[in-house]
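*Asks:* Here is what each chain is made of, one letter per residue.
4 protein chains.
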Amino acid sequence: MLKNNVLESEIDIKSQFYDLDPMNIVWHGNYARFFEQARCALLDKLDFNYQQMSETGYAWPIVDMRIKYVRPVRFPQTVRVTATLAEYENRLKINYLIRDAETLEKVTKGFTIQVAVDINTEEMMFQSPPILIEKVESLLCSPN
Amino acid sequence: MLKNNVLESEIDIKSQFYDLDPMNIVWHGNYARFFEQARCALLDKLDFNYQQMSETGYAWPIVDMRIKYVRPVRFPQTVRVTATLAEYENRLKINYLIRDAETLEKVTKGFTIQVAVDINTEEMMFQSPPILIEKVESLLCSPN
Amino acid sequence: MLKNNVLESEIDIKSQFYDLDPMNIVWHGNYARFFEQARCALLDKLDFNYQQMSETGYAWPIVDMRIKYVRPVRFPQTVRVTATLAEYENRLKINYLIRDAETLEKVTKGFTIQVAVDINTEEMMFQSPPILIEKVESLLCSPN
Amino acid sequence: MLKNNVLESEIDIKSQFYDLDPMNIVWHGNYARFFEQARCALLDKLDFNYQQMSETGYAWPIVDMRIKYVRPVRFPQTVRVTATLAEYENRLKINYLIRDAETLEKVTKGFTIQVAVDINTEEMMFQSPPILIEKVESLLCSPN
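One line per chain: the protein sequences are A, B, C and D, in this order. For the first sequence, my numbering begins at 1 and goes up steadily by one. For the second sequence, my numbering begins at 1001 and goes up steadily by one. For the third sequence, my numbering begins at 2001 and goes up steadily by one. For the fourth sequence, my numbering begins at 3001 and goes up steadily by one.
Note that these hints are calculated values from the structure, not bench results. None of these values were measured; they are calculated from a predicted model. Even for Gly, the Cβ is constructed at its ideal location relative to N, Cα and C. Treat each hint with caution, since some may be false.
To be verified - Label pairs and their calculated CB-CB ranges:
| id | chain 1 | residue 1 | chain 2 | residue 2 | range |
| --- | --- | --- | --- | --- | --- |
| 1 | A | Ile133 | C | Pro2076 | 19 to 29 Å |
| 2 | D | Gln3016 | C | Glu2089 | 55 to 65 Å |
| 3 | D | Leu3007 | A | Val70 | 27 to 37 Å |
| 4 | B | Glu1055 | D | Phe3126 | 50 to 60 Å |
Input sequences plus hints: build the corresponding full structure.
*Replies:* Put into structure tokens, the structure is as follows:
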């Protein structure tokens, strides 16, 4: 029953024992893994995943990440992570919302920003390469 | 030769093979560990580390974290991580600066915000417990 | 279509970008997480998971772990991890088999050994507490 | 005061908050990181670290790892990790001993086995490439 808007992906992640810290909650640094799982699902949908990115001659390092923790996640809670494309023309900004998978109570929100870097020159691009823009816009225009 | 201001701690961390991702750079999520090492050093200096925190009846979960990545870290680069106390009266805000340990070129910056939570009532405090304020202020006033 | 023998659990795990090392394969240390996910599924089935363990007054630390790597796991490969109860009377020995989820080609095998430790005395037990033995044996005898 | 035998390296590692699990001890899977830090120190000493390995046209994946846990590691305990070269002619076997850095009480022991894989053919070698054997033997013969 996951929502599947065009520029949005949702995945469910079950927290694991190894995610926990001595306070018996998911250690704050582990949310970067939750974000990444949802981001990869979104990039798959954009037809622009890690392998496809590499083939275009650009890397897309993360240059900014923010995580706001509203409630702790406790084992073996399952959370629903939604990744939404927020910007793509000059950089790739993705917003994240983490909710309890059952109650849908908000748990965490955040964002990541990635920029294109030319793999050969190691130069940072101030506009997204045309291939990404085309992929996003063809998805936006598709009858779905 | 590490600087040691009153409300600041610096530690050197050598990046490890296990920190790297397929781009041969430290995976962005691992910086939360670098921040934590420097934060623990600062809290030790404040005489208010994890064990001491627990004994006061408050937990201090992280409620906000931001990481801005300026340059990648490559194995076996050593970085210098500086944690500086930025706020302590109502919440604990710590700023981080990561630089190359040799060139001192800026690599990353960021912050974390923690709030006190009463361990018994699980209530979030809107002011820091007096014990933290006393510890910080006694350090500020000490002849060093 | 996962097999579900009485003393065995199988789960599918999709490898993630954050699992990878610079050789573009899952870093060898991350298999401990794959084992743990399958172990928790098995312990759930035994009705003896982490929370239930804690309530009996015993902790079950891992005292031995072996991992034999046959083939690398590459992103975004999905693996099937099977955990099988091998010993329970004096200690908890679980065997693991990791296979490619599609081809079923063997990827990794290993085991973990856990022993009961009395939480109050911190003494290691040389026999499993009766509660575990009863749980396993009632499962073995159930008509399923 | 670390011992520095020819085919042995010792490093001290301070356990961190992020290493801990809900039992307030270092999570068993994290010892793979402790082993790797000591292994890299040993390989540096052999003049055969990760970069140097790559340049010879061989990768050295880990094919076997065993970890025997004798005592838990508790934050902020510092441990001394000793890596000793045990075999090098056909494969690279390294033994590890982890002790408390102050009391030298034994905490953990284990080993890893790596084999050379030709990066171009992806073929596993049943003898170590001559370059490794030369490096080890020149170190063994050096007056040091």
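*Asks:* What are the numbers of the hints that this structure violates, sorted from low to high?
*Replies:* The structure breaks hints 2, 3; every other hint is satisfied.
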